[in-house]
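Chemist: Line order of the protein sequences matches chains A and B.
Note that my numbering has the first sequence beginning at 1, numbered continuously upward.
Note that my numbering has the second sequence beginning at 1001, numbered continuously upward.
For the record, the hints were derived by calculation from the structure and aren't laboratory data.
Treat the hints loosely; a few may be bogus.
As the list claims (entries may be wrong) - Output of the computed footprint for chain B on chain A, the stretches with three or more beta carbons under 8 Å from beta carbons of chain B:
id, region
1, 214-225
2, 265-271
3, 276-287
Claimed, not checked - Mimicking EDC-like on lysine to aspartate or glutamate, the simulated pairs with C-alpha atoms at most 20 Å apart in a straight line are:
id, chain 1, residue 1, chain 2, residue 2
4, B, 1393, A, 283
5, B, 1398, A, 217
6, B, 1317, A, 283
7, B, 1023, B, 1306
8, B, 1223, B, 1011
9, B, 1457, B, 1476
10, B, 1166, B, 1068
11, A, 211, B, 1380
12, A, 211, B, 1403
13, B, 1050, B, 1114
14, B, 1351, A, 217
15, B, 1390, A, 217
16, B, 1386, A, 217
17, A, 213, B, 1403
18, A, 213, B, 1382
19, A, 213, B, 1380
20, A, 211, B, 1382
Because the structure is a prediction, the values reported are computed rather than measured.
Where is the CB? At the ideal position from N, CA and C, for every residue including glycine.
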Amino acid sequence: MESTQTEKSKMSFAAEVFQIARRNAQTYTILLALVGIWLIFFFTTDGTYLASQNVSNLFRQMSVTAFLAAGMVLVIVTGNIDLSVGKMAGFVSVVVAYLQANTWYDYLPNQPLLAAVLSVTVGLAVGALFGALQGYIIAYLNVPSFIVTLAGLWLFNGLILLVTEGKTIPANQPWFEGIAQGYVPALWGWIFAVFAIGFLFWSMFRSRQNKQKHGFELRNIYIDLLITGFASLIILVYVYNVNNYRGIQNPVLLLAITVAIMVHISNNTRFGRYAYAIGGNREAARLSGINIRSMIFRIFVLMGFLSGMAGVVLASYVGYGTIAAGTGYELDAIASCILGGTSTLGGIGTVPGAMIGALIIASLSTGLQMMNVAPAWQYVVKAIVLVLAVLADVYFKKNR
Amino acid sequence: MDSNFILEFKDVTKQFPGVLALKDVSFEVRRGEIHGICGENGAGKSTLMKILSGVYPHGTYEGKIIFDGEELKLGESSIREASEKGIAIVYQELTLVPTMSVGENVFLGREPVEGQTINWNKLYADTKQILSNYGLNVSPQEIIKNLGVGKMQMVEIAKALSEDAKVLILDEPTSALSEAEVEKLMDILKTLKAHGITCLYITHKLEEFFRITDRITVMRDGKVVVTEPTENLSVEKLVRHMVGREMKERFPKGKRKPGEVVFEVNDLLALDPNDASHKVLNGVNFNVRRGEILGIAGLMGSGRTELVMTLFGEYGKIVNGKIMLEGKEIKPQSAREAIDAGLSLVPEDRKGFGLVLIQSILKNISLAHLNQFSGFLRIDADAELKASLKQAKSLTIKTSSFEALVETLSGGNQQKVVISKWLLSNPVVLIMDDPTRGIDVGAKYEIYKLMNDLAEKGVAIIMISSELQEVLGMSDRIMVMCRGRSAGVLPVQEASEERIMSLATGISS
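Required output: the full structure, derived from the provided sequences and hints.
Modeler: Listed below in C-alpha cells is the structure:
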C-alpha cells in the first residue's frame, strides 16, 4: 500500500517536472544552449575557458550590451525597435571621455571623485535627453521608431566625429576608471551573494504563500526548491570563481542591480504591465484607459537612460572615447533579446531572458577568440546560433 | 447519385474543443437554385460554409459532402482547391486588398502572364468583361479603398465568379449595404441564377429570403431543423424553426425597476477623426435610468459603435451637445477620463479591442483598474489578485486555472473576462457593444442573466445589438439609430421588428 503511494507521488513529481520543462521549453533550451557552448569551449581550450580570469572577463565584456538589452526588451515588447542605442552609448562615452580629459581637468583639477560623479551624471542625462527627443518624435509625432532611431544612429555617428574630431580621448582617470575596471572586495562579494540567495528563497516562499492564500494550485515544493537551489548554486560558483581572481567586477554588480530593478519594473509596476498590454493588444490597452503615447515616450526615455549607463561603462571599460565606440552594439542588444525569447511581434519578453541572450553572445565571442578563430568565422558561427535559436523557438511554439 | 443536386451534405459533424459545432447535418442543394441558410449566431452556418470552402479540410470533420457527383475531399491547400473546383465564397468581412485596383484584386494570385511578366492589358480587359457580364458597374482600374462598401461587395462577387464558380456562397452579404445596394445585389443574384450558378445565401435579414431564395434550410444548435421550399414558409415559421422555443426562454426576464435618469446625451454632434468634413454623429438624444437596459438598434454604419466610442472619449471630435452623468456634465477626452467618470465599455470585437489574448485571465481583468492597487513604485499583488479573483469567480468563468491565457477560452468565457474587467470599478453606466456576438446560445443566456443582475443592482446598461430579437428581448427601451442620429426611442412594449427596421432604414421617423 505504502510503496504504491510513494511510487504514485514519484510519478506525479516526474510528470510535473516534465510538464514544467515543456511549458518553459524555450527558457530551458536557451539555458541548455548556454551550458552547451560553455562545455564545448571548456574542452576545446583545455579548461582555460572557465578559469577564473576568463569568467571574470566574460561577464565584464557582456555588461555593456547587457545594459542596452535590458532596456531593449521593453522597447521591443511594446512593438517598437531602437537602432540608435549602440551609437548613443558610443556618443555618451566620448562626451564623458571629453569631460574627463578636458573640461574637468581645466575647471576642477585634482578632484577626481567629483569629476567622476559629474561625468556619470552628465552621461546619464545626455542619454535620457536624447531618449526623450526620439521618444517624443515617435510617440507624439507618429513617426515609426525604426525610422527615428535609424536617423538617431546617423546623428550620433556625426556627433561622435564632432566631439572627438577623429581623435581618441583618454578616460582612464582614477575613480572614473574604477566604474568598469574595479572589483568588489571578496568579503563584500560573499555578502552580496548571501543577500541575493536569501532574496531568491524569500520571494519563492512568498509567492507560494500568496498562491496558497488565494487558492491556486501549488506546484511540488521540491521543484521550486530545486530551481531556486540551482540558481543559488550558480551565484555561489560564480562568486567563488571570480573571487579567486580579483572579485566581482563593478560593472557586473551594477548590471545585477539594474536587472533587479528592471525585473521589478516589468513585473510589479503599472508601467511594466502597461508596456506588455500595449504590445499584446494596443487597442485593448487604449480602451482600458492606458495613455499609449505617454507610455511609449517614457519607454524611450528609459532606453536612453540605460544607453547613457552603457556609455559610461563603455568609456570606463575601454579607457578611451573613440570614433568606433558602440558600433554594432544595437544589433547585439536586439539579438540578445530575441535569443532570450522576446517576440518581435510584441507583448512577450523578459529581462532575465535577454541577459542570458547577452551572455550567449559574449560567450561565443570570447570562446571563439580564445580558439583563435578568424573574425570572419566568428560572424558565421554567431549567425548560425541566432537562427537556430529562433528556429527552435518557432518549433516549440508550434508543438506546445 | 441524383444529378439534380449539385451539393449533398451527408451526416456532417464537426467537433471543436468543448463545442459540438455541427451534428449530423444532411441536406441537398439543387442545381441552379438560390438556397437560403437560416439560423441564429452559433447555429453552425458559418462552420458549415467553412467546411465547404476548405477552411476546415477533409478529415477535420465527419460525414460526407458530395459536390457535382463526387465526394469533396479537400486536402492541405484546401481553400485553393475549393475555388478551383468551383466553390466560391464571399465572406462577411471583405477580403480585398484596399490599396490595389479592382482588376488586381479580381485576379490576385492568378494574374495572366506572358512569360514572367504580367499582361496588364489582358488583366484589365478580362476584369471589364466579367464586371459587365453580371451588370456590375465598377471601373477595373479603380483603387478598392475609394469604393463604397456596396461596390466592394460587388468586386468580391466578381472575384469569386472569375474563377468559373459553380456554387457561390454569400455569407451575410447585405449586412453593410444600403437598401438601394441590396436591391442591386438582388438583381445580380437573379442574373447569376439565369447563368445557371447555384447560390447559398446566408443572412440575418429574414425578409430577404422571401425576396430571392427558392428553398431554405433552417439550422439550430448545429443541426438541420428543416429544408423547405420558400413558398411553404413565412417569417413567423422561420423564427419558430430558428428559435425552437418561446422567446421567454431565450431572454431571462429580470425584475428590473428603472430608477432616476443617470446618464443623458443631448444633441450630440461629432466629426469623423479622420475626415473632419464628415459628421459621424449628427444629433443623438437619449437618456438611461439607473437599473435600466437601453437597447441601441440600427444598421451597420448607422453610427452605433461610433457613438459609444465617442462617449468613451476615443473616437469622434465632439463639436456640439452635452453628456451628463449623474447630473454633472462630463467631457471625456480619453478612455481614462471616461473610466474615472464612471463609464465602462465592453467593446465590440472582444479579440480586437477587449482582450490581450496572450495574457492571463487575471491580468486582463485588472488591466483597466491597476491604479486601484498600486502606487507609482509597486502593484499590490495581493489586493490585485483578491479583487480579480472575486470577479472571475462571481461571473463563473470556466477554465482550468485563472492563470490560463485568455486565448485558450471559449468565446462566451472570453466575453465574461471582458465584463469582469469592467465590473472591477462598480461602473455607473455599463456600455456593451454587441455583447453576445459569436458566442453560443447557452453562453448568451448567461450573459443575459448577468446583465439582469447588474441592472437589478442599479447599473445603467446601454446595449448595442445587431440582433433585433436580442434588443426586443432584453431592453426596457430601445433607441434606433439611422445615419448618425437617433431616429427614435421606443418603450419595448411599443416596439416590434417592423417598427425598428422602418426607423433604422429611415422610412419613418
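Chemist: Hints first: check each against the structure and report whether it holds.
Modeler: Results of checking the hints against the structure:
no., hint, verdict
1, 214-225, "holds (count 4)"
2, 265-271, "holds (count 3)"
3, 276-287, "holds (count 9)"
4, B:1393 to A:283, "violated, 26 Å"
5, B:1398 to A:217, "holds, 16 Å"
6, B:1317 to A:283, "holds, 18 Å"
7, B:1023 to B:1306, "violated, 38 Å"
8, B:1223 to B:1011, "holds, 10 Å"
9, B:1457 to B:1476, "holds, 15 Å"
10, B:1166 to B:1068, "holds, 9 Å"
11, A:211 to B:1380, "holds, 14 Å"
12, A:211 to B:1403, "holds, 11 Å"
13, B:1050 to B:1114, "violated, 34 Å"
14, B:1351 to A:217, "violated, 28 Å"
15, B:1390 to A:217, "holds, 17 Å"
16, B:1386 to A:217, "holds, 15 Å"
17, A:213 to B:1403, "holds, 15 Å"
18, A:213 to B:1382, "holds, 9 Å"
19, A:213 to B:1380, "holds, 15 Å"
20, A:211 to B:1382, "holds, 9 Å"
Violated hints for the displayed structure, listed by number in ascending order: 4, 7, 13 and 14.
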